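Engineer: This is what each chain is made of:
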Amino acid sequence: MKHRSPPEQHHGKRPRAPAESASVQSQDPMDDNAPTNLRELTQNPLKKIWMPCKNGLPENHISQRKVCMTNCPTLIVTVGLPARGKTYISKKLTRYLNWIGVPTREFNVGQYRRDFVKIYKSFEFFRPDNEEGLKIRRQCASAALNDVRQYLTSGGQVAVFDATNTTRERRDTILQFAEQNGFKVFFVESVCEDPDVIQENIVQVKLGSPDYTNCNSDEAVEDFMKRIKCYENSYETLDEVLDRDLSYIKIIDVGQRYLVNRVLDHIQSRIVYYLMNIHITPRSIYLCRHGESELNVKGRIGGDSGLTPRGKEFAKKLSQFIQAQGISDLKVWTSQMKRTIQTAEALNVPYEQWKVLNEIDAGVCEELMYEEIQQNYPLEFALRDQDKYRYRYPKGESYEDLVQRLEPVIMELERQENILVVCHQAVLRCLLAYFLDKTAEELPYLKCPLHTVLKLTPVAYGCKVESICLNVEAVDTHREKPENVDVWRLSEEALLTVPAHQ
Amino acid sequence: MAVSGVCINSDALQQMGSGSYKLAGAPHFANPPTVIVMVGLPARGKTYISKKLTRYLNWIGMPTKVFNVGEYRREAVKNYSSYDFFKPDNECAFKIRQQCALAALRDVKSYLKDEGGQVAVFDATNTTRERRDLILKFGQENEFKIFFIESVCDDPNVIASNIMEVKVSCPDYKDCNKTDAMLDFQRRIECYKSSYQPLDPDGYDRDLSFIRIIDVGRQFLVNRVQDHIQSKIVYYLMNIHVQPRTIYLCRHGESQDNLQGRLGGDSGLSARGRQFSLALSQFVKEQQLKNLKVWTSQLCRTIQTAEHLGIPYEQWKALNEIDAGVCEDMTYDEMKEKYPEEFALRDEDKYYYRYPAGESYQDLVQRVEPVIMELERQENVLVVCHQAVMRCLLAYFLDKSADEMPYLRCPLHTVLKLTPVAYGCKVESISLNVEAVNTHRDRPEEVKRGPGTLQRRNSVTPLTSPESNIKKPRIDDLDEAPIQELPPSVDSLALCSPSHLPLALAGQKLRRDSGRHDVFQICK
Numbered sequence: 001m002k003h004r005s006p007p008e009q010h011h012g013k014r015p016r017a018p019a020e021s022a023s024v025q026s027q028d029p030m031d032d033n034a035p036t037n038l039r040e041l042t043q044n045p046l047k048k049i050w051m052p053c054k055n056g057l058p059e060n061h062i063s064q065r066k067v068c069m070t071n072c073p074t075l076i077v078t079v080g081l082p083a084r085g086k087t088y089i090s091k092k093l094t095r096y097l098n099w100i101g102v103p104t105r106e107f108n109v110g111q112y113r114r115d116f117v118k119i120y121k122s123f124e125f126f127r128p129d130n131e132e133g134l135k136i137r138r139q140c141a142s143a144a145l146n147d148v149r150q151y152l153t154s155g156g157q158v159a160v161f162d163a164t165n166t167t168r169e170r171r172d173t174i175l176q177f178a179e180q181n182g183f184k185v186f187f188v189e190s191v192c193e194d195p196d197v198i199q200e201n202i203v204q205v206k207l208g209s210p211d212y213t214n215c216n217s218d219e220a221v222e223d224f225m226k227r228i229k230c231y232e233n234s235y236e237t238l239d240e241v242l243d244r245d246l247s248y249i250k251i252i253d254v255g256q257r258y259l260v261n262r263v264l265d266h267i268q269s270r271i272v273y274y275l276m277n278i279h280i281t282p283r284s285i286y287l288c289r290h291g292e293s294e295l296n297v298k299g300r301i302g303g304d305s306g307l308t309p310r311g312k313e314f315a316k317k318l319s320q321f322i323q324a325q326g327i328s329d330l331k332v333w334t335s336q337m338k339r340t341i342q343t344a345e346a347l348n349v350p351y352e353q354w355k356v357l358n359e360i361d362a363g364v365c366e367e368l369m370y371e372e373i374q375q376n377y378p379l380e381f382a383l384r385d386q387d388k389y390r391y392r393y394p395k396g397e398s399y400e401d402l403v404q405r406l407e408p409v410i411m412e413l414e415r416q417e418n419i420l421v422v423c424h425q426a427v428l429r430c431l432l433a434y435f436l437d438k439t440a441e442e443l444p445y446l447k448c449p450l451h452t453v454l455k456l457t458p459v460a461y462g463c464k465v466e467s468i469c470l471n472v473e474a475v476d477t478h479r480e481k482p483e484n485v486d487v488w489r490l491s492e493e494a495l496l497t498v499p500a501h502q
Numbered sequence: 001m002a003v004s005g006v007c008i009n010s011d012a013l014q015q016m017g018s019g020s021y022k023l024a025g026a027p028h029f030a031n032p033p034t035v036i037v038m039v040g041l042p043a044r045g046k047t048y049i050s051k052k053l054t055r056y057l058n059w060i061g062m063p064t065k066v067f068n069v070g071e072y073r074r075e076a077v078k079n080y081s082s083y084d085f086f087k088p089d090n091e092c093a094f095k096i097r098q099q100c101a102l103a104a105l106r107d108v109k110s111y112l113k114d115e116g117g118q119v120a121v122f123d124a125t126n127t128t129r130e131r132r133d134l135i136l137k138f139g140q141e142n143e144f145k146i147f148f149i150e151s152v153c154d155d156p157n158v159i160a161s162n163i164m165e166v167k168v169s170c171p172d173y174k175d176c177n178k179t180d181a182m183l184d185f186q187r188r189i190e191c192y193k194s195s196y197q198p199l200d201p202d203g204y205d206r207d208l209s210f211i212r213i214i215d216v217g218r219q220f221l222v223n224r225v226q227d228h229i230q231s232k233i234v235y236y237l238m239n240i241h242v243q244p245r246t247i248y249l250c251r252h253g254e255s256q257d258n259l260q261g262r263l264g265g266d267s268g269l270s271a272r273g274r275q276f277s278l279a280l281s282q283f284v285k286e287q288q289l290k291n292l293k294v295w296t297s298q299l300c301r302t303i304q305t306a307e308h309l310g311i312p313y314e315q316w317k318a319l320n321e322i323d324a325g326v327c328e329d330m331t332y333d334e335m336k337e338k339y340p341e342e343f344a345l346r347d348e349d350k351y352y353y354r355y356p357a358g359e360s361y362q363d364l365v366q367r368v369e370p371v372i373m374e375l376e377r378q379e380n381v382l383v384v385c386h387q388a389v390m391r392c393l394l395a396y397f398l399d400k401s402a403d404e405m406p407y408l409r410c411p412l413h414t415v416l417k418l419t420p421v422a423y424g425c426k427v428e429s430i431s432l433n434v435e436a437v438n439t440h441r442d443r444p445e446e447v448k449r450g451p452g453t454l455q456r457r458n459s460v461t462p463l464t465s466p467e468s469n470i471k472k473p474r475i476d477d478l479d480e481a482p483i484q485e486l487p488p489s490v491d492s493l494a495l496c497s498p499s500h501l502p503l504a505l506a507g508q509k510l511r512r513d514s515g516r517h518d519v520f521q522i523c524k
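Heads up: the sequence lines are chains A and B, in that order.
Position 200 of the first sequence, counting from 1, maps to 200 under UniProt numbering, and the rest follow consecutively.
Position 314 of the second sequence, counting from 1, maps to 314 under UniProt numbering, and the rest follow consecutively.
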């Protein structure tokens with residue numbers, strides 16, 4: 001029952017059994033001009049999507065959920081001198097694209113080189129006149145391209161080819177490779193002349209690289225600077241005239257300026273928008289759930305209840321915690337549900353309410369206990385356990401839907417600096433999965449307990465997470481995946497992992 | 001009974017005049033207003049971009065208005081005679097143009113400071129550094145953020161087609177044949193060319209925030225984007241195109257629930273609904289569109305409709321009908337009986353009203369925004385959707401306000417064909433002659449209108465782009481002293497009147513000519 005209106009009213013969406021199948025076939029005798037080859041529609045029980053079927057088998061050629069991103073695979077090619085953030089961009093972009101549901105993988109040619117030449121000695125390897133080095137590097141690049149082809153012809157949609165690619169000759173080779181295989185190419189060039197930024201980048205990520213494990217930092221920096229020099233002479237930047245027909249974005253001085261040329265399709269446009277919104281200013285992102293709610297205590301999902309006394313206690317502790325952190329210009333976001341707003345009210349700072357941060361819509365299961373869901377909708381309950389990420393509640397949402405809904409939040413989070421997001425279990429899992437690069441399988445089971453703040457700090461290529469429990473007791477709302485997910489399982493088996501509640 | 005799920009934001013309350021809330025929970029509104037400044041030679045699509053961007057920003061709930069300096073000029077100089085007016089050595093005309101720009105800036109200021117505007121689009125050539133510096137100074141003094149949009153295009157075909165499409169029909173050339181108009185306009189462009197200083201990203205203008213659009217979107221240069229709104233503008237500009245195309249909007253065929261007068265639900269088509277699908281299929285074939293894309297929602301009735309077309313289609317969850325929450329599957333009568341207060345609230349402000357555990361039109365606008373962005377990218381598209389969703393989409397294309405949107409007429413079994421023309425959109429409504437129930441409920445006449453009580457935070461409130469034409473001759477009412485003796489008709493021999501046209505910039509001393517007698521001098 002879906003009833004977030006005043007509790008005394010017990011009205012709900014009438015859970016009308018959705019028509020299991022609806023025939024498109026005309027039964028109207030007057031329609032004698034109806035096409036005869038019409039397909040049946042059947043609703044996929046997991047995703048609740050209407051699928052056309054023919055002879056009882058689903059037809060697959062229709063893109064089901066969202067607009068087709070691109071009709072052929074895309075190869076993203078980084079361009080730039082060493083220490084210009086190419087790997088940072090590659091990894092971050094890969095993480096983002098995977099999160100929004102575009103299968104993406106990065107191919108770092110440096111990694112191929114390290115696998116090939118186990119021990120790195122010095123910059124000499126990269127000297128333009130080092131024939132041996134050149135040969136090895138060429139081999140590594142072509143090995144990587146082979147793997148790119150393998151990946152993009154077996155389900156991958158985007159491959160990020162992360163290497164310097166500083167010469168037009170190398171880029172032409174890649175373009176040729178892409179043309180032969182029917183891939184679209186999009187170049188991402190990072191140009192930066194600010195010595196401080198480069199120095200910072202070297203210290204941040206290069207010193208930790210396996211190349212310099214047995215090396216002191218000064219030596220490493222010196223060697224790396226020489227490595228950069230090896231590329232400088234032959235570097236040909238993407239040219240407004242010579243490369244006018246290519247699709248590319250040139251990122252200048254870490255996002256001060258962008259040059260965008262011939263964006264071809266939806267996915268390229270999304271990539272450009274994303275790259276224009278990310279920044280590298282140090283900051284922290286704090287994520288937490290609302291304080292414990294009345295419905296949490298009763299073991300009921302969803303709804304729009306207020307905080308329990310313990311939940312209010314948490315809100316107070318959160319306020320103290322935030323003050324103790326001494327954060328400058330902290331922004332606070334909540335959902336539009338009572339429990340997050342009540343939590344934020346205790347902070348005594350301005351906050352902003354986002355409807356898109358609302359908890360997953362459990363549709364007909366809103367405000368039910370797991371026990372009741374098992375009792376009323378045993379099939380639904382089992383299907384959910386089988387594929388929690390893709391499962392959509394009847395008249396409600398799936399985690400997959402939630403990720404789509406949260407995409408603007410991620411984009412805005414990338415733009416912001418210090419921020420606290422007070423949200424909900426499923427929403428927090430989706431946000432966390434983005435920052436920690438978790439798969440669709442892991443995402444719905446990420447542990448996000450009540451009364452615990454997650455502090456995320458970007459470091460090098462990833463994100464450091466600290467989990468800070470504010471020491472206010474709360475019920476456990478985490479339900480692990482039970483062993484038996486079969487639709488014929490016993491009720492006890494289905495309820496085995498339900499956390500204790502009133 | 002209260003509207004459930006409503007959390008009125010403190011900011012909204014403050015706007016409503018309630019001082020009880022101390023927290024200003026609205027970083028969005030705390031943002032300083034933005035002035036978008038167009039830069040470019042005539043016929044580079046500046047006005048097109050200005051109007052389109054304004055329509056978009058208003059639709060997503062950002063109050064925005066265009067200030068077209070050309071219109072101020074036409075107001076000041078009633079009859080345009082020829083390009084001579086724009087000659088760089090026509091000092092008198094130059095002064096008038098300067099005054100017009102200042103008058104427009106003054107209106108920008110009052111729009112952003114006193115009239116609740118968030119974004120002003122200053123649509124003029126602004127081709128000289130001197131002019132841009134003046135605007136920057138104006139922005140600084142008033143704490144407005146300035147964002148430049150420069151359009152650069154040297155493709156003679158594009159320019160010629162732009163002139164043909166919008167310039168020859170402009171009021172300046174109303175008594176003029178097309179060839180003469182074309183010629184005159186090209187000379188007008190020449191007048192600007194010698195003094196045009198494009199934005200210089202590597203030197204003089206490196207610290208400014210701007211986007212330069214090169215060759216109608218082939219290339220973009222984006223410099224120092226400062227905030228969320230600028231980032232949205234850039235994204236929008238990078239997705240629009242000017243290829244001719246047609247967008248078809250329609251609802252699903254009549255559904256079983258439609259027949260029973262029920263809201264929402266996920267029922268299949270009625271017999272007449274199926275008939276419509278066939279008629280639609282026929283109609284689409286007759287239109288002979290190349291590469292037509294078809295989008296549906298994820299509800300059975302739109303998919304069934306699209307299935308009849310026999311061409312591939314894409315399902316968008318974002319196109320699903322408005323979620324009526326607890327009222328799903330009810331008839332209006334049932335709703336009125338069961339939730340009389342909800343029913344009344346909805347009539348009070350249909351745009352802001354959110355169904356308990358459901359959505360409002362305002363929520364819907366936010367939900368379909370990615371669809372609009374993708375529609376802008378595409379060429380020929382047929383969108384098979386639902387009544388409320390179609391109203392939202394239509395409001396975007398036809399620049400309708402939040403007040404009108406929920407009452408736009410989108411009957412069943414009717415296709416709306418939208419074709420972009422000049423600065424707007426031509427709509428043809430094509431009934432496919434298959435009977436269907438009427439699902440339109442008119443705005444009740446005797447209903448008290450809420451004072452925006454249902455306003456929620458993080459909200460979008462589409463506003464119709466404010467009328468860009470000047471309602472009264474603003475130029476003369478700028479002066480503190482009333483001016484009487486405006487000549488009845490100011491002819492093309494421009495009126496040169498510094499005292500009529502005070503330099504009205506804040507912080508800038510008005511330089512007035514001493515006497516009134518030398519006010520009118522015939523130029524040239």
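The set of hints was computed from the structure by calculation and includes no laboratory data.
Keep in mind it's a predicted model, so treat the numbers as computed, not measured.
Cβ coordinates follow ideal geometry from the N, Cα and C atoms, glycine included.
Worth double-checking, as some hints may not be accurate.
As the list claims (entries may be wrong) - To give an idea of the chain A side of the interface with chain B (calculated C-beta under 10 Å), a few residues:
| hint | residue |
| --- | --- |
| 1 | 38 |
| 2 | 49 |
| 3 | 225 |
| 4 | 228 |
| 5 | 229 |
| 6 | 231 |
| 7 | 232 |
| 8 | 255 |
| 9 | 260 |
| 10 | 262 |
| 11 | 277 |
| 12 | 281 |
| 13 | 405 |
| 14 | 408 |
Engineer: All hints, please: hold or fail.
Structural biologist: Hints, one by one, checked against the model:
1. 38: 6 Å, holds
2. 49: 6 Å, holds
3. 225: Violated, because the Cβ-Cβ distance from residue 225 of chain A to chain B comes to roughly 26 Å (cut-off 10 Å).
4. 228: 23 Å, violated
5. 229: 25 Å, violated
6. 231: 23 Å, violated
7. 232: 20 Å, violated
8. 255: Hint on residue 255 of chain A: holds, closest Cβ of chain B at ~8 Å, below 10 Å.
9. 260: With Cβ-Cβ at 4 Å, under 10 Å, it holds.
10. 262: It holds, given that the least Cβ distance between residue 262 of chain A and chain B is near 6 Å, below 10 Å.
11. 277: With a closest approach of 6 Å, the residue 277 of chain A hint holds.
12. 281: 14 Å, violated
13. 405: Holds: closest Cβ of chain B sits about 8 Å from residue 405 of chain A, inside 10 Å.
14. 408: Interface hint status for residue 408 of chain A: holds (8 Å vs cutoff 10 Å).
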